[in-house]
Amino acid sequence: MKKTAIFFLTAIFLVFSAIGCKKKDEESSTINETGNPISITHWYWADNSEYSAKMQEIVNDFNEENQQNIKVTAEEYPWDGGGYSETLFTAAMGGGGPDTAAWKLTSTPLFIANNLLAVLDGYIDNWQDKDDIESSLYDVMREASGTDSIYVMPWNTQVLYVYYRPSMFKEANVAVPETYEQFLEACRKLTRDTDNNGTTDVYGFGMRGAKGGQEPWGSFIWARGGDFSDFTTPQAVSGMQDFINLYKNKYVPPTAPTDGFNEIIANFKSGRTAMTIHHIGSSSGMVETFGDDVDAFPFPAGVKQWTSMGDTENVMFEACDNKDAAFEWLAYLATGKGQEKWCITTGNVPVSKRVQAMPEFQENKFMKVSIQGAPHAGIFPILDTTTEWINTIWPNTVAAALAGQKTAAQAMQDLQNGLYED
Amino acid sequence: MHQRKAGIWPYLLVAPALLVVIAVVLTPVLNAILMSFQSYDLRRPSAIEYIGLDNYQAVMRDTLFWESLWRTVLWVVFGVGFQFVFGFSLALLLNKPFYGRGIVRSISLIPWVTPGVLIGLMWRWIFDGNFGVFNDLLIKMNIINQPIPFLARQDTVFPAVVVAIIWQGIPFFALMLLAGLQGVPIELYEAADIDGANVFQKFFRITVPSLKNTIYVTTLLRIIWVANSVDVIFNMTGGGPAYASQTLSVYVFNKANALNLGYSSTMSILLTLLLLVVAVPYLKSMFKNQES
Chain A
40 MKKTAIFFLT AIFLVFSAIG CKKKDEESST INETGNPISI THWYWADNSE
90 YSAKMQEIVN DFNEENQQNI KVTAEEYPWD GGGYSETLFT AAMGGGGPDT
140 AAWKLTSTPL FIANNLLAVL DGYIDNWQDK DDIESSLYDV MREASGTDSI
190 YVMPWNTQVL YVYYRPSMFK EANVAVPETY EQFLEACRKL TRDTDNNGTT
240 DVYGFGMRGA KGGQEPWGSF IWARGGDFSD FTTPQAVSGM QDFINLYKNK
290 YVPPTAPTDG FNEIIANFKS GRTAMTIHHI GSSSGMVETF GDDVDAFPFP
340 AGVKQWTSMG DTENVMFEAC DNKDAAFEWL AYLATGKGQE KWCITTGNVP
390 VSKRVQAMPE FQENKFMKVS IQGAPHAGIF PILDTTTEWI NTIWPNTVAA
440 ALAGQKTAAQ AMQDLQNGLY ED
Chain B
21 MHQRKAGIWP YLLVAPALLV VIAVVLTPVL NAILMSFQSY DLRRPSAIEY
71 IGLDNYQAVM RDTLFWESLW RTVLWVVFGV GFQFVFGFSL ALLLNKPFYG
121 RGIVRSISLI PWVTPGVLIG LMWRWIFDGN FGVFNDLLIK MNIINQPIPF
171 LARQDTVFPA VVVAIIWQGI PFFALMLLAG LQGVPIELYE AADIDGANVF
221 QKFFRITVPS LKNTIYVTTL LRIIWVANSV DVIFNMTGGG PAYASQTLSV
271 YVFNKANALN LGYSSTMSIL LTLLLLVVAV PYLKSMFKNQ ES
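Note that the protein sequences, when read in sequence, are chains A and B.
Using this note's numbering, the first residue of the first sequence is number 40, and each one after it goes up by one.
Using this note's numbering, the first residue of the second sequence is number 21, and each one after it goes up by one.
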């Protein structure tokens, strides 16, 4: 009986050992040994089906055009208000992440702290297109990593600005705001009961209170003279008070505390709001809906002027087996045909100087507004607390302030504690 | 009489199942317990160390924890309570013969077979403050004259998510109790009729006692499942606005998502202990009743 049992256990052990060896053999095979294509898995998100199709087209072009038999497989994941980065982190930590991925700078410290990203300095230094990208952008990438190395490859940027409906401005006899005070006044004047039934039909401003709303909110804080180094200054609190007043005075939809990207865009497109803040990525959809009856202006200056620079980059993972091939792909997205096609379709601001000079970008009115806002564009402090602050702390704290549960000063103190863990 | 010696075979036969249980249940549980005593924050992997009871002390001082715990109690009491009442009513209805009963039984299962994520998204749009069908109905019925942002207001968001979980759980109770009802001998009701018992007497003296064990088991299961439920709330509100719909399991999930696994493990352990406090006396009572 014992012999049978020992034989049984030994057999199980051998079967599992054999499976393990087979797996190892498969992993270690490369193009050099087998002649097979080099496979690169790339993760990305797309704001709509058009962008999704475009990315697949870019991938197909790259797979056909590259001379090194590199085959990229692009897998799409929803952005989900930042949930994408969490999914990516979980996958990478579990060993199932991609070779390369679309990226937001805010995630950089977390991934570096866990040794997940590959250093790109060596590749960039030897790259013939290095100078096609502004050197200041490389500096931003270094700064975001908190080290002297570059872990993130620039791809495109989006500068937030204010979308508005010229026809609504005309009906309400409002001029395009040139100052912050005029903007607040426009929010009031554009809020109207158009059919005189006693209820508001059009709200002046589409406020984003859910995840991601910190970006347009930041403009209010700076307009009163505050900044992100200390949320508790009287100037920053004053900006927060303006934000609360817009809700309290009903110049924004009552759903504002939970309105995210989909809601603010749907409200604007349905004519429920006269202004909303987003970047050029939404412009093609806006033009499709309104034709000429949509325009944009930079968020106006108050004491100071600031708008959020929505950044999108790409990274390579340390676990990637074919880093040279992966960099070829990232380069194609940064300065090659991939850059052209993606930025023309999405309307995002290209990082390649060659692509920026193309007529498609020089003659686009939304691009012009993006460029006007660019000198004032910035990002939130990138700390290891930033992701939680954006996803949980900011929306819940601001919702409490909008509901009157917290004063502007209390809310700003909580935001300060949450970001800087005081 | 000669008894054949079992030898090692029973152990070998049980071993695969035991190994799976150890791998997928026991190991993560032990890991969670260990993490609850560590500063296990993946945002700062180099600072992970044992910190004794610090996490537990921090949780005890955390007002969000206590608010979420209280909301979990309400979530379970109202969620499971109404699921039971409506589920029982549906079971009684479906136990009566009527034309098309088979189809009605099948349709009534839809909420139970629908994934929680989908339920969350569906109810989110139903309650939407701008385009939601619920607001549209209320306006058309002249009950309100402008939409109510149910999920954006702190006084309505929690009742809204409770409605969604009630909707999801009714078929479970209906199905289980219907199976129990079909096992109640018809002779008992006939005898009660002869004795002149009315409908209520038959219900409380025959139906309910006959279903006692089913009620015990189904209620306990639902208490545990609903207390641990994340998907519906997370997809409807994410626990907001201003944490107004955040139950303890959602708080645990949010903290884990923020990669503070030590803190979220601590809250998970405490939630498990609290559920055991409910489940153990409940099971004891059930087995005691069975024995008697």
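Among the clues, some could well be false.
What the hints assert, rightly or not - Capping the alpha-carbon separation at 35 Å, the derived lysine-lysine pairs in DSBU-like fashion look like this:
#1 A/K287 - B/K116
#2 B/K160 - A/K250
#3 B/K160 - A/K289
#4 A/K308 - B/K160
#5 A/K209 - B/K160
It should be emphasised that the hints constitute simulated quantities derived from the structure, not laboratory data.
Here is what the structure says about each hint:
In summary, the hint linking A/K287 to B/K116 is not supported, as the alpha carbons are separated by about 54 Å, beyond the 35 Å threshold. Annotation: proposed proximity of B/K160 to A/K250 holds, straight-line Cα distance about 32 Å (limit 35 Å). Between B/K160 and A/K289 the CA atoms are separated by roughly 24 Å; this keeps the pair inside 35 Å, and the hint holds. Proximity of A/K308 to B/K160 is assessed by CA-CA distance (about 24 Å); at most 35 Å being required, the pair is judged to hold.
The straight-line distance between the Cα atoms of A/K209 and B/K160 is roughly 32 Å, inside the 35 Å bound, and the hint therefore holds.
This entry does not satisfy hint 1, going by the numbered hints stated previously; all others are met.
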